[in-house]
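Residue numbers (the working numbering), protein chains in the order written: chain A, 1 to 237; chain B, 1 to 237; chain C, 1 to 237; chain D, 1 to 237.
These are computed hints drawn from the structure, not numbers from a lab. Don't take each hint at face value.
Note that the list lumps identical chains together, so a pair holds whenever it fits in one copy or between two copies.
Each computed DSSO-like pair below joins lysine-lysine, with the alpha-carbon atoms no more than 30 Å apart [stated by the list, open to error]:
1. Lys-46 with Lys-33
2. Lys-46 with Lys-141
3. Lys-160 with Lys-219
4. Lys-136 with Lys-219
5. Lys-141 with Lys-219
6. Lys-101 with Lys-46
7. Lys-219 with Lys-101
8. Lys-141 with Lys-160
9. Lys-160 with Lys-136
10. Lys-118 with Lys-101
11. Lys-141 with Lys-101
4 protein chains.
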Amino acid sequence: MQSVQYSSEVIVELIKYSAQDIDVARAAWVSTKGEASKDVTQDEAKISGLINYLMRDRHGSPFEHSYFTFYVKAPIFVWREHMRHRIASYNEESGRYAVLKPEFYIPARERNLQQIGKTGHYQFIEGTNDQYAMTKVLFEKQCIDAYQNYEQLLANGIAKEVARIALPLNIYSSAYVTMNARALMNFLSLRQHVEGSHFPSYPQREIEMVAERYEEILKEHMPITYAAFAANGRVAP
Amino acid sequence: MQSVQYSSEVIVELIKYSAQDIDVARAAWVSTKGEASKDVTQDEAKISGLINYLMRDRHGSPFEHSYFTFYVKAPIFVWREHMRHRIASYNEESGRYAVLKPEFYIPARERNLQQIGKTGHYQFIEGTNDQYAMTKVLFEKQCIDAYQNYEQLLANGIAKEVARIALPLNIYSSAYVTMNARALMNFLSLRQHVEGSHFPSYPQREIEMVAERYEEILKEHMPITYAAFAANGRVAP
Amino acid sequence: MQSVQYSSEVIVELIKYSAQDIDVARAAWVSTKGEASKDVTQDEAKISGLINYLMRDRHGSPFEHSYFTFYVKAPIFVWREHMRHRIASYNEESGRYAVLKPEFYIPARERNLQQIGKTGHYQFIEGTNDQYAMTKVLFEKQCIDAYQNYEQLLANGIAKEVARIALPLNIYSSAYVTMNARALMNFLSLRQHVEGSHFPSYPQREIEMVAERYEEILKEHMPITYAAFAANGRVAP
Amino acid sequence: MQSVQYSSEVIVELIKYSAQDIDVARAAWVSTKGEASKDVTQDEAKISGLINYLMRDRHGSPFEHSYFTFYVKAPIFVWREHMRHRIASYNEESGRYAVLKPEFYIPARERNLQQIGKTGHYQFIEGTNDQYAMTKVLFEKQCIDAYQNYEQLLANGIAKEVARIALPLNIYSSAYVTMNARALMNFLSLRQHVEGSHFPSYPQREIEMVAERYEEILKEHMPITYAAFAANGRVAP
Chain A
1 MQSVQYSSEV IVELIKYSAQ DIDVARAAWV STKGEASKDV TQDEAKISGL INYLMRDRHG
61 SPFEHSYFTF YVKAPIFVWR EHMRHRIASY NEESGRYAVL KPEFYIPARE RNLQQIGKTG
121 HYQFIEGTND QYAMTKVLFE KQCIDAYQNY EQLLANGIAK EVARIALPLN IYSSAYVTMN
181 ARALMNFLSL RQHVEGSHFP SYPQREIEMV AERYEEILKE HMPITYAAFA ANGRVAP
Chain B
1 MQSVQYSSEV IVELIKYSAQ DIDVARAAWV STKGEASKDV TQDEAKISGL INYLMRDRHG
61 SPFEHSYFTF YVKAPIFVWR EHMRHRIASY NEESGRYAVL KPEFYIPARE RNLQQIGKTG
121 HYQFIEGTND QYAMTKVLFE KQCIDAYQNY EQLLANGIAK EVARIALPLN IYSSAYVTMN
181 ARALMNFLSL RQHVEGSHFP SYPQREIEMV AERYEEILKE HMPITYAAFA ANGRVAP
Chain C
1 MQSVQYSSEV IVELIKYSAQ DIDVARAAWV STKGEASKDV TQDEAKISGL INYLMRDRHG
61 SPFEHSYFTF YVKAPIFVWR EHMRHRIASY NEESGRYAVL KPEFYIPARE RNLQQIGKTG
121 HYQFIEGTND QYAMTKVLFE KQCIDAYQNY EQLLANGIAK EVARIALPLN IYSSAYVTMN
181 ARALMNFLSL RQHVEGSHFP SYPQREIEMV AERYEEILKE HMPITYAAFA ANGRVAP
Chain D
1 MQSVQYSSEV IVELIKYSAQ DIDVARAAWV STKGEASKDV TQDEAKISGL INYLMRDRHG
61 SPFEHSYFTF YVKAPIFVWR EHMRHRIASY NEESGRYAVL KPEFYIPARE RNLQQIGKTG
121 HYQFIEGTND QYAMTKVLFE KQCIDAYQNY EQLLANGIAK EVARIALPLN IYSSAYVTMN
181 ARALMNFLSL RQHVEGSHFP SYPQREIEMV AERYEEILKE HMPITYAAFA ANGRVAP
């Protein structure tokens, strides 16, 4: 049996992108000037003012011309939520064509384990040492058993697409994800719980970990857009 | 512990719909006549000729005004493929808000268990009695163990969204799915393997079972559209 | 020459629909209960509370299972804005296949003719009698001349798709439009200027006239959804 | 009055892109290998074989991670068809915020002016000298009159959004258009009439001119993808 590996992380790598604040401004200027403004001088204050206006008044289309392609590795239960975002392109690892690797997500000790509050507005609080120990032991045992069965089925000639069906939802899977900046901000607005956001969101922590990495990348490559998003209550335009 | 239940089926119920062949014709007639043709006489031969022409020449938009809402119950590994269809609306059972029921998919004896052929064009053939017996035993044990752990975690105060993460991919989940007739035909073209189809498809059997039920419903409510789809190599317009 | 007709109106007819407040609730209940709830008792207070919660916290997907198909007749400059809404299905009258009718939009006397204020936040105020008279005279003359030329070109064997290219943007065109309730609320949020809306919108009056008719139909068929939309600052979920 | 300008061309400029054949292969390899393959060696024969297989068997998603942003200048009647492609992002020049320039499309002498054949399968043949002369004279007169009226209305304080409504459909308008390679191939399959295509298309010549320019750009930047598209009957995957 291959040795089972555990992680409490998600991986997000930026594969490629075509995304700059100036592109948002250029797209908006076509609306008001009707010209291709490829070579326009970059006056940062002007761009910043324009982007802030677009964000505040929900003119979303200029943000659609900027694109990011990510490689993401996350457990399947995260992918199930991620794939609900339809304005995105996906190519995910296939358990029909390849043997899945024995890599499983186990919550870190600091992951809150108890929920309190009302449906739809759960708050999460720290688990006890006992709770964490039990969770870890049970999950690890399940992962080992499941992967052992998977290998045994494959070894006995069962098709990959069948052998995989009882693997647990915390097995890791990888995908290419391409999203434009508008769709990305929508993702952040729904998949992060940030105080001061205009609309409340109560995402599961593990997809929020993906969102946090996306957020860093947006911030790095489109700092003005990101600042306007943050300053306007994290409402996607 | 709740007693674990197994099934080899998927459930598809038609919840509501607004879908008739005449609606396809009416939408197309707006293009050529510019009139609301709510009260048009239903000349079946004329409608049939028109729909056949639309299908053959890939005029897809008239098929978008007909809608079906399904209630579907299927294992999560099927949902993962289903959700890749983005021109559709979904509301799926949430393991964050509700305790999942101990209902698991186990392949029926007649489900082919061995794959042969090249990647991307797998053919599936019958498994031996031994293969089936082993598959069944291993899957059932895993389902019982996993659900037992799930209950134990919940009993010890672990949040539902955490407790569920190691449940196996063959646990059933339910959803409302709404698709228009055009998206539905695209689904059928990709998720059924039918001899004589213009483009080859090699779907996993379990999502094909969902597609077969969708196909029956399409055929019942839009018989002319379905006949044209079948007669034109099952190419979605 | 066919006699030219003028109108200051848009036409919106509800052709068919499958849209009720209870359907929104049912879709949401699948998420929390995992059951097809076709036959659920309709407790209006409960449905209302649920829908208000969904609207406020931006759970948009349950509103996607309700559909409306409209027949709309509006001038082409309105269609140009309407078609920017991509989550919708369209079949529009084709000037390639049919001869367009001499029906043109002329603003009514009460249509505000002067704009004041800043770009992006224009306010519109009443025109003078002279302004209105001039507008009407010039537009009518142009419509007559353009349609006369169109007929002359057709009479001389010029293809319809060519003859039509210099017709004015205020000629009427018809289309079937299908939108789900979520997309419809998004349309209303962007295409109506309503005091007290959470986000400001500055639509052109003529598309607002279409939106107002859509709004009436939404209100009639999904009164609880509409009330929640209005009560929550007209923010589409 | 500003002097009116005529043209028989459309303009397509590639503003930016992130589009290479290797990206298609990388996205597909994630499905079969589950790895980010940023640094993979580029074996052209292997990439070509893979892309050809994806095209033939309609695995469309790997083509979605490649993006093109175009600046396009075309008459409004072309934009009306273009905007029907919903898997695309648009920012078009606004006649509400800016004064439109007096630039109009007039067919070139070689543009076929007569249509023959059945509805839906029109063929176009050359016009006579008389037909062309008449078309040109009538269109030019209309453009001059319309633009003169437009300027007069603006000069008399009529709002831009009103003054523009009777401008003819052959006035030029500009936009940023962003499409991924999959959507672009779908556009080409529907908006070009190419002998040997698997499915017949009968586009209006003027949008075909835009498609031809898109095709050159696709061919230049993704030659293997383009070759596979052409070799497989120009069916978009």
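Hints, one by one, checked against the model:
1. Proximity of Lys-46 and Lys-33 under a CA criterion of 30 Å is satisfied intra-copy only: 15 Å inside one chain copy versus 46 Å between copies.
2. Within a single copy, Lys-46 and Lys-141 get their C-alpha atoms no closer than 58 Å, and across copies no closer than 41 Å, so neither meets the 30 Å cut-off.
3. Taking the shortest Cα distances, Lys-160 and Lys-219 never come within 30 Å of each other, neither inside one copy (40 Å) nor across copies (33 Å).
4. For a Cα distance limit of 30 Å, the shortest separation of Lys-136 from Lys-219 qualifies neither inside one copy, at 35 Å, nor across copies, at 50 Å.
5. For a Cα distance limit of 30 Å, the shortest separation of Lys-141 from Lys-219 qualifies neither inside one copy, at 40 Å, nor across copies, at 47 Å.
6. Taking the shortest Cα distances, Lys-101 and Lys-46 sit within 30 Å of each other only across copies (25 Å), while inside one copy they are farther apart (50 Å).
7. Taking CA atoms no more than 30 Å apart as the test, Lys-219 paired with Lys-101 passes in neither setting, with 33 Å inside one copy and 38 Å between copies.
8. For the homomeric pair Lys-141 and Lys-160, the shortest alpha-carbon distances inside one copy (22 Å) and between copies (19 Å) are both at most 30 Å.
9. Within a single copy, Lys-160 and Lys-136 get their C-alpha atoms as close as 28 Å, and across copies as close as 15 Å, so both meet the 30 Å cut-off.
10. In this assembly of identical chains, the alpha carbons of Lys-118 and Lys-101 lie at most 30 Å apart only when taken from different copies (21 Å versus 38 Å within one copy).
11. Taking CA atoms no more than 30 Å apart as the test, Lys-141 paired with Lys-101 passes in both settings, with 16 Å inside one copy and 21 Å between copies.
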